[in-house]
Amino acid sequence: MSNLQVDENGRLRHFLSIEGLNRQILTDILDTAESFSGITDQHIKKVPLLRGRIIVNLFFESSTRTRTTFELAAKRLSADVLNININASATTKGETLLDTLRNLEAMHCDMFIVRHAESGSAHFIAQHAQPHIRVINAGDGRHSHPTQAMLDMLTIRRHKKDFSKLKVAIVGDILHSRVARSQIQALSILGTSEIRVVAPRTLLPAKVQSLGVHAYTDLKEGIRDADVIIMLRLQQERMQGALLPSSHEYFQLYGLTEEKLSCANKDVIIMHPGPINRGIEMDSQVADGPRSVVLQQVSNGIDVRMAVMSMAMGSINTAETTDPNAPNASKETR
Amino acid sequence: MSNLQVDENGRLRHFLSIEGLNRQILTDILDTAESFSGITDQHIKKVPLLRGRIIVNLFFESSTRTRTTFELAAKRLSADVLNININASATTKGETLLDTLRNLEAMHCDMFIVRHAESGSAHFIAQHAQPHIRVINAGDGRHSHPTQAMLDMLTIRRHKKDFSKLKVAIVGDILHSRVARSQIQALSILGTSEIRVVAPRTLLPAKVQSLGVHAYTDLKEGIRDADVIIMLRLQQERMQGALLPSSHEYFQLYGLTEEKLSCANKDVIIMHPGPINRGIEMDSQVADGPRSVVLQQVSNGIDVRMAVMSMAMGSINTAETTDPNAPNASKETR
Amino acid sequence: MSNLQVDENGRLRHFLSIEGLNRQILTDILDTAESFSGITDQHIKKVPLLRGRIIVNLFFESSTRTRTTFELAAKRLSADVLNININASATTKGETLLDTLRNLEAMHCDMFIVRHAESGSAHFIAQHAQPHIRVINAGDGRHSHPTQAMLDMLTIRRHKKDFSKLKVAIVGDILHSRVARSQIQALSILGTSEIRVVAPRTLLPAKVQSLGVHAYTDLKEGIRDADVIIMLRLQQERMQGALLPSSHEYFQLYGLTEEKLSCANKDVIIMHPGPINRGIEMDSQVADGPRSVVLQQVSNGIDVRMAVMSMAMGSINTAETTDPNAPNASKETR
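Those sequence lines, one after another, are chains B, Z and R.
For the first sequence, counting from 1, position 83 maps to 70 in the numbering used here; every step adds exactly one.
For the second sequence, counting from 1, position 13 maps to 0 in the numbering used here; every step adds exactly one.
For the third sequence, counting from 1, position 281 maps to 268 in the numbering used here; every step adds exactly one.
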């Protein structure tokens, strides 16, 4: 799996999951994203890095929000964007997903941004794609959502600088969350001092400690002295099942309020992947308060997506192992 | 409200309603639109005025036609366009509309073209948007549709030159029409000599004279000696209610025919915001006849939308109060 | 009809059907497409031939696949693309289709890519469009799908060079297929030695021999010594009617397998317009085997669409009758 994401020179090829990447690559992504943040202040907010490239938003699961951020990032890199929404029911058979892939390859597309309800779909596509194709995972089942995790890391780094001294608490439906999985991996690779997860017992994975985290079922205990609190979005459909009490009771126990926040470090930042269910994951006072960095996450999402797109396309050269004297070094990743 | 639309130098900032704008600004819009009309004849029909800018078609109510005209205008100004259709039911609470706005701002979007079923939505968004964001109203409830009104004014001016000598009759569902409201305001500000409205009593607002218009319930009387006749589109759903007789009877009383047109000035022009219900608002002989300027309205719509977009973005400097020696004068409206 | 497609200098104006075009124009299209195939290998895969032009995908019948290929071809030519999907039910009356056309013309659009369930729609639009508008047929009812036929011709020519020595067999639902109609016409105009159609009797047109083809109801006989086999896509809805046995039985009789293929020429190429119903028109061994050129067809589709778009817009000058000394020769087709 690591070979799939990184080429022989250690450079990003596909961006499928945080798992299998090393600290250097994650840091390169953050640094590259940082370098793009200045573009926003320019009069013309575009760079020609991906001009003439065709980037396909290949969404088997609809998500206007995520699709929009990738589309904006691609346009800012001067790429042409094609939006394709495919009803998952039309591609139940693996061979048909492959047929879709082969057809888009034949149309000379360069990169696929893949969103799919099934875990492993982005890997599957990357495994079977032609060598010059690049694949970015925009969320696959319960498995991974790596660009979300990296925009969170960028947001944390901009506020806290050094991961090695941080206590980070992730609160909510850890069991079903691809976002939580990717965040835990990224925080761990970047050397976070202490990673905690906070959830009702029914929403914690069976052997959660094996992920290298501390598990809590009590919110105040879980966020005590925390520097960063990441609230997960609660999928409303969980409410109907046996896993959860009412949304009212959930808010009583796990909803973030100013009162409960007093347990955390006074410089704590509050994060949420959005959109917030106000009055369920947190109240509006917290969501719109001075510790909330939710909108900065959105901005950082554009920069991070520009970074992984341009790095995977070989338009930006960040790998430390590259020998500048090697002939055609940069062509190899095109 | 006037402060919201115009900056301290009297320049356009948002374009939300005709109300609150003065004759100079309306004339600037018409003049700017006029200056764009030449682009159509060029080999490459684009100007780089908004290159690198992100313009969002934020449509809470679907309208392919209006969305298309804004998209074309934006592309002709070299902007990047993002189309977002939001089901109104998902944003019933004001706070959620604000969340949508905040997220798009965080994605570094520059301008929102807002269409919404609720009156005042575009104002609401403009009031709460960050200072560098620009908002254009593409129709809000029964309130306002200012770009439609201005393309109508451009069409009238191209044919009739001087508003001060004109008799203009607006025919149809005055009561429910945001188009009629905006037209009456624009005609009035531009100094039209006589503005008339013609409708069944049930489709006239209660105190219609307070708008500065003459009301008629008889079509022939209402269009007598008129220089301009603006037919409104009849929403089919009005037919089901108690407000109107059958469409057949409506056409008998208020549908425009060559015969009825003989009452008007012989140089009269016939306008309609489209799409025409042939055989209801007018018959095809009139719609496709020599006095109809309906398709010129469509063309003028592109020019007018280019004008308000580029003026609001500060890319075109039209305000008479601007001091050219003022430092960074043009940057202030970015 | 031929006058509609070709101007007085013999140059392409609209691309509505293969019928009415001569061998020179078809060859020009193939040659122009060939010249575009190199663009794919460039670092920036765009040419500025249609910069500033507005191309409208006017789809009255939805087809993501076909729409995507035209959108990609247009973007590669640097045009701006507008996607408009119109529910056919909204345009049942001819006058309303005309109103749609008139409105898009008034918005200064340059070219319409038309897909419609009714035969003759693209011709109708071309007949009524203003002189500077260009129309490309992307499939109309059972009538014609000329870009599909030309991408098939390009694929055949790349493999077989000379049409005059070829035996080509088209297999499947000949009766209802616009693709088959266009292919037969193109093969015939290009001088193909022998054109065969293979189908159950219920799916053969009444007087099929009048098209200049040999008809077969037995697959092995029909593909004996064939150099090219074109499999048509079987519309699933045909299965429900009385025209066809079960899909299982269809595959037994008309599905392509390695075993049946042994009757054909050993250099035979297998074509299919896609998407393939695996196990119905052919099995996967054939679809993914060395004789299948299905994905090359997809690639060639981009080049062919670029060719007809740029030729119709007068951006490429291929006509043999053009006098280079004639003043403004190239402007006439703009």
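For the record, the hints were derived by calculation from the structure and aren't laboratory data.
Mixed in with the good hints, there may be bad ones.
If chains are identical, the list can't say which one is meant, so a pair holds when it fits in one copy or spans any two.
Simulated crosslink set (SDA-like; lysine to any residue; CA at most 25 Å straight-line) [to be verified]:
1. K62 - H119
2. K33 - D18
3. K147 - S65
4. K194 - G39
Comparing the hints with the structure gives:
Proximity of K62 and H119 under a CA criterion of 25 Å is satisfied in both settings, with 21 Å inside one chain copy and 20 Å between copies. In this assembly of identical chains, the alpha carbons of K33 and D18 lie at most 25 Å apart only when taken from the same copy (18 Å versus 30 Å across copies). For the identical chains of this complex, K147 and S65 are neighbours neither inside a copy (32 Å) nor across copies (39 Å), given an alpha-carbon limit of 25 Å. Proximity of K194 and G39 under a CA criterion of 25 Å is satisfied in neither setting, with 47 Å inside one chain copy and 49 Å between copies.
The structure does not agree with the numbered hints 3, 4 stated previously, though it agrees with the rest.
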